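Asker: Just so you know, the protein sequences line up as chains A and B, in that order. 181 is the number of the first residue of the first sequence in the working numbering; add one for each residue after it. 181 is the number of the first residue of the second sequence in the working numbering; add one for each residue after it.
Hint data in this document are derived by calculation from the structure and do not stem from the laboratory. Do not rely on the hints blindly, as some may be mistaken.
Identical chains blur together in the list; that is why a pair holds if it fits in one copy or across any two.
Unchecked claim - Once the Cα atoms are required to be at most 25 angstroms apart in a straight line, the calculated SDA-like pairs of lysine to any residue come out as:
#1 Lys304 to Pro440
#2 Lys431 to Gly444
#3 Lys222 to Glu306
#4 Lys409 to Ile354
#5 Lys222 to Leu255
#6 Lys348 to Glu200
#7 Lys222 to Gln346
#8 Lys369 to Ser424
Quick caveat: nothing in here was measured; it's all calculated off a predicted structure.
Number of protein chains: 2
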Amino acid sequence: MTGFFTEDNSAAAVNARIGEQADARLALVMSALVRHLHAFAKEVELTPAEWEAGIAFLTQTGQICSAERQEFILLSDTLGLSMLVDAINNRRPDGATENTVFGPFHVADAPVRAMGDTISLDGKGEPCRYQGRVLDMDGAPIAGASIDVWCDNADGFYDVQQPGIQPKWNNRGIFITGADGAYEFIGIKPVSYPIPDDGPVGRMLAALGRHPYRPAHMHYLVTAPGYQKLVTHTFVGGDPYLESDTVFGVKQSLVAPFEPDSTGRAAWHSPFDFVLVAEDSGKD
Amino acid sequence: MTGFFTEDNSAAAVNARIGEQADARLALVMSALVRHLHAFAKEVELTPAEWEAGIAFLTQTGQICSAERQEFILLSDTLGLSMLVDAINNRRPDGATENTVFGPFHVADAPVRAMGDTISLDGKGEPCRYQGRVLDMDGAPIAGASIDVWCDNADGFYDVQQPGIQPKWNNRGIFITGADGAYEFIGIKPVSYPIPDDGPVGRMLAALGRHPYRPAHMHYLVTAPGYQKLVTHTFVGGDPYLESDTVFGVKQSLVAPFEPDSTGRAAWHSPFDFVLVAEDSGKD
């Protein structure tokens, strides 16, 4: 007799069923998931009506997903799970630039642009000069680093959200550093925007008294041979949603200055240096 | 400054966002869910690849749902959550008949049949005489109790799974007790069957080295004015899946005798008494 399921032994009864042929890591992850899921239901004494509401919510979340929309990622983002997984897997030493969530709007193979070029192609928004260096942990410049940047336009939409309305590759580009590790480009000062909130996740946020906004940010994917990949944003200091990013992506070290540009090339100037960690230094 | 999200304070950072206008119970349930979800991710140090696999699994689970199929309920069932919610919400004193999962195959408004009638309309399977009494906690008979019964046919399918193949209301019926609280009807000895296993949940079970079978059982919904609703099964003693029900529905007290029938009216005889708890006795 293996012992039937009871309220007291519930998680152990479920996990005892995992067969020896199951992958060891899958067995570990799933048995932990069952333990925490059961602990949750016991702590709150989940009612049948609440269970039904949960089943309906998950079903609706799955059914609204399409090639253009991933509502379960929105759910993970808004419950802080995406940022937690990012944090667990990108622990870095002090002084290194911190990671944040990748987000759903990156597009591979953006145009490689000449240093100093503009990425804003729709003529909207307040021009901003982005400038800084890619450095190693000793402060030495990294040559040949790729800086892939993307942000929303002045209306709060990425180009891929408005095909036919925005020019292709609007507010996107890749810049390659030279021997001095320096980068410079002209973009716009990005604006805050709501995540798609007309589905189950939007209704959840409303029921919890939460807003769906992300503070204004510029996305960066910085890579260089021999260094750990950096996925991050810089955030516009002073944004009203800085302390309430609906996906919890803000870190103090990623809040960048946006100040009047003294060169006359743009209205704003945002300096920021990226500090990469060598690949062989480990991630913990 | 409310404090930005960090790996250490992750759940607290998420839950601090819940607004004062949120329903108190919703806030309690969701904040517990976030705490347990984050504790899970931290315990296993969930990787980005595992997170992506989880997002894909949940998406597929939602997308296979239809009017005829509820894959998230299958997921809840196979992870033991359905039985846990049932257990938490149906604690009963010793001597009362125990609850088990309702399952997805009940159909309301089955025909009310005369005591002693048969519910099996397709001529398949081994006839079995079901017989017993509906009693209160003092052993007194309950008159006017409604016994709503349903089970699969000899091929392992419920009538609603085979419209046009099985007669409507095959292996279903409602019986009303008289003054003696007794019931009797002819059905078949039910057979074990797999839950639908051609979707994400079936693939999960296979990956965990688990089979998709439920041991043979007869479903009962027993109600009487003034008594707590009883949702239960009786299980066929000796079934090979009795100790490994894929939805964890088996309780020792619900394993019923199936023995040769001495009356000559059927091949088998399964006696079982249902003991109901008065509504005003509380559920704990």
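Asker: Run every hint past the structure and note whether it holds.
Answerer: Right, here's what the structure says about each hint:
1. Lys304 to Pro440: Within one copy only: 18 angstroms inside, 85 angstroms across.
2. Lys431 to Gly444: Neither: 30 angstroms inside a chain and 78 angstroms across chains, both beyond 25 angstroms.
3. Lys222 to Glu306: neither (53 angstroms within a copy, 41 angstroms between copies)
4. Lys409 to Ile354: within (15 angstroms within a copy, 65 angstroms between copies)
5. Lys222 to Leu255: Classified as both: same-chain Cα gap 23 angstroms, cross-chain 18 angstroms, threshold 25 angstroms.
6. Lys348 to Glu200: Neither, since 52 angstroms and 43 angstroms both go past 25 angstroms.
7. Lys222 to Gln346: neither (50 angstroms within a copy, 41 angstroms between copies)
8. Lys369 to Ser424: within (19 angstroms within a copy, 60 angstroms between copies)
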